[in-house]
Amino acid sequence: MIEQGTVDMSSTAVTRRLHEVAELWELGMKLVKARRVESAPNQERMAAKVRRVDECMQEDV
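Following my numbering from start to finish, the sequence shown increments by one per residue and tops out at 71.
Hints in this document: simulated from the structure, not taken from any laboratory.
Worth double-checking, as some hints may not be accurate.
What follows is a list of derived Cβ distance ranges for each label pair [claimed, not checked]: (1) Cys66 to Thr25: 34 to 42 Å; (2) Val42 to Thr16: 41 to 49 Å; (3) Val63 to Ser21: 49 to 57 Å.
Taking lysine to aspartate or glutamate and the EDC-like style, the derived pairs with C-alpha atoms no more than 20 Å apart in a straight line are [to be verified]: (4) Lys43 to Glu33; (5) Lys59 to Glu69; (6) Lys43 to Glu54; (7) Lys40 to Glu30.
Glycine included, each C-beta is placed from N, C-alpha and C at the ideal position.
Please take these sequences and the hints and turn them into a complete structure.
And the structure:
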């Protein structure tokens with residue numbers, strides 16, 4: 011249940027709140043992207059790439 015109270019609805023307060031929400035959204039999206047990189051399939055792909063580079067370097071020696 012929502013309590014009734016006074017809410018500052020001035021344009022300055024609303025604008026400030028919107029900026030806060032936008033900053034939180036950006037931080038959330040960065041976290042989502044970071045979690046995707048850490049996911050198991052991505053880690054496996056990166057490990058495979060590293061192995062291929064290592065194999066190529068050993069062949070050159």
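Tested hints:
no. : hint                       : in the structure
1   : Cys66 to Thr25: 34 to 42 Å : violated (55 Å)
2   : Val42 to Thr16: 41 to 49 Å : violated (35 Å)
3   : Val63 to Ser21: 49 to 57 Å : holds (55 Å)
4   : Lys43 to Glu33             : holds (16 Å)
5   : Lys59 to Glu69             : holds (15 Å)
6   : Lys43 to Glu54             : holds (17 Å)
7   : Lys40 to Glu30             : holds (16 Å)
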